[in-house]
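Count along the sequence shown from 1, add 754, and you get the number used in this note's numbering.
There may be inaccurate statements among the hints.
[As the list claims (entries may be wrong)] Taking lysine to aspartate or glutamate pairs in the EDC-like style, the calculated list, with each CA pair at most 16 Å apart, reads:
| # | residue 1 | residue 2 |
| --- | --- | --- |
| 1 | K1038 | D984 |
| 2 | K1076 | E1043 |
| 3 | K1038 | E981 |
[As the list claims (entries may be wrong)] Distance ranges between label pairs, derived from CB positions:
| # | residue 1 | residue 2 | range |
| --- | --- | --- | --- |
| 4 | L846 | L1003 | 43 to 49 Å |
| 5 | M1035 | S1212 | 57 to 63 Å |
| 6 | S1212 | T925 | 22 to 28 Å |
| 7 | M1207 | V842 | 46 to 52 Å |
| 8 | Y1177 | V1223 | 47 to 53 Å |
| 9 | R843 | T925 | 34 to 40 Å |
| 10 | K884 | L1070 | 37 to 43 Å |
| 11 | V1223 | A1093 | 41 to 47 Å |
Since the hints were made in silico from the structure, they are not lab data. Backbone N, C-alpha and C fix where the C-beta goes; we use that ideal spot for every residue, glycine too.
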Amino acid sequence: MLTVKAYEALAILAFSVALLISRRLRHDIVGVITALALVALGLVSPSQALSNLSSVAVIVLASAMIIAGVVADSGVLDVVGDRIASRVRGGLLVIVIVLLISLFSSGFVSDVALTLMFMPLIYSVASRMKRPASRYLMLLSYAAILGGRYTIIGTSSNIVLEGLWTQRFGTPLGIFSTLPVGLAAALAGLGVAIALVPLLVRGSAGGAASLEAVGRHEILIEASVEEGSDIAGLTIRQAEEKLGARIRLLRGRFSIYSRRTIRAGDRLILSVEKDRLPIIMSVKGLRTELGQGPFYELMVTGDSAVVGNTVYEVNLRLRDVKVVGVATRNSLRSIRSYALSPGDIILVEGDEKAVARAAEAFRLTPLTTTPVRSLNVRAAASGLLGLSAALAASAAGLNMALSFLAGALLAILPQPGSLRKVYSYVDWPAIVFVGTYLSMGEALLSSGLGKAMGFLASSPLLLMVAGVVLANLVGNVASAIILGPLAISSPHPLTSVLALSMAASSTFITPFSHPANLVVYSAGGYTPKDFAKAGVPVAIAVIAVTALMLHLL
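Could you put together the complete structure from these sequences and hints?
Structure below.
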């Protein structure tokens, strides 16, 4: 018989899950509301709720995001993709290699970053094969999601489960504790996806958008010349040579002649290639709309919701994402007043998750980050050093939170002045959600509701099915937090935790269950039905291989 406390916990659980499914409120706000309700009803003490914000799971997750952000931002994976495209001739082989790189890299690098980085290559190869990119974009998202499961730090849900395990048993699971099961499940899931997705999913016009703009193109940005600028007093030709950009339009207080000098107060429309943007940003006295980044490119397709809107109007609608430049063949006199047309590419600045949401909401096709092919060797070395140090320290038995904090510090040491950029690597809504929603898992145990749900933990198969369903409805973190305490309290905790780890990461069935799915959702012109058709067989393959591996181990 359930107690009053159990019914209260059940009511809050049902309410929070309903809010997460509805998407009416952001998930971090749902987490805060849930934690406050649990504290108000006495299901969780205030000190418990606050301590969750500094739990091992939260610290490791934030630190891992910083390390992954540095590695992704260094351009090392862009260079790898470029080398593959230039040396491998078979189009299908290139796609398979890219998918495998995404799968293995996602154990340490953000799934969303990987998807954004390799999308242009998929577009280019699909065009070469004369096939729609929509046949392969979903595969890219699935590969990134599948691979994260083979390490504890590869997915947020695995980090949550590791934190719950450490809290219960006092010893960590280990970075590669999910490796045998996770790798087998990932490779099996990818094999099924490669075989079935191109047959089951066709996408629509969104995936066949004009590919001309995906090649080399120049971005138009607006700049103001201030007093003491490095280019003040130079002729237009001299300024173009210094900037490495073409001056498309110059507006000042006097009439424009081909050899007039640039003066303070002039406003320029610059046409610049993406890899020259850092140079533009470094010119003294040249004020632009460019911030610290990161930058992404989104293509305006025929059915985009921003067609006909000016850049100023689009910026009002995008909120957390800002348009800072445009690539277009049309003439313009001002970036802010330019009305967007199909085929245009907008350069936007914002957090990768916010960009993914904007692309999905306004039907914009994500292309890539900026700069695309430049390699920051120093950042790549420091990021990989930080990752290696964190892994080595954790493997040696040191506290995982401290190990990854130290690793994050090593990763950012070469760029100590870029703290603002470092903070942008962290998905703060996700951190807040994990820190606050952990209280829901504690309430399930303390109220006795966990015992009533204990039948799920009695069978790894039941636990996996429940985990997959929950993950695709409310996300992988919520699935791990809700079912994690049940898995850990089962008669065979390690088996149950591994089963739940594979299930919570199986966000293939709905487009909104994972940000990487949202990135390709608009780009491929997919529908929710497309994800259901393709995702169910992949999820079944993951469950079957996981069950087999757990039986053999």
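Take the C-beta atom of Y1177 and the C-beta atom of V1223, compute their distance, and say whether it sits inside 47 to 53 Å. With Cβ atoms ~35 Å apart, the hint is violated.
Outcome of range test on Cβ distance (M1035, S1212; 57 to 63 Å): holds, 58 Å
Holds or violated: 46 to 52 Å for the Cβ distance of M1207 and V842? holds, 50 Å
Does 43 to 49 Å hold as the CB distance between L846 and L1003, or does it fail? At 45 Å between Cβs, range holds.
Are the Cα positions of K1038 and D984 separated by 16 Å at most? The hint holds at about 6 Å.
So the hint says 22 to 28 Å: do the beta-carbon atoms of S1212 and T925 match that? Since the Cβ atoms of S1212 and T925 sit about 25 Å apart, the hinted range of 22 to 28 Å holds.
Go ahead and decide if the range 37 to 43 Å is satisfied by the Cβ distance of K884 to L1070. holds, 40 Å
Do the Cβ positions of R843 and T925 conform to the proposed distance bound of 34 to 40 Å? Once the Cβ atoms are compared, 50 Å apart, the range 34 to 40 Å for T925 and R843 is violated.
Using the C-beta atoms of V1223 and A1093, is the stated range 41 to 47 Å upheld? holds, 44 Å
Below or equal to 16 Å on CA atoms is what counts here, so check K1076 against E1043. holds, 9 Å
For the pair we were handed, K1038 and E981, check the Cα-Cα distance against 16 Å. holds, 10 Å
Comparing the model with each numbered hint stated earlier shows that hints 8, 9 do not hold.
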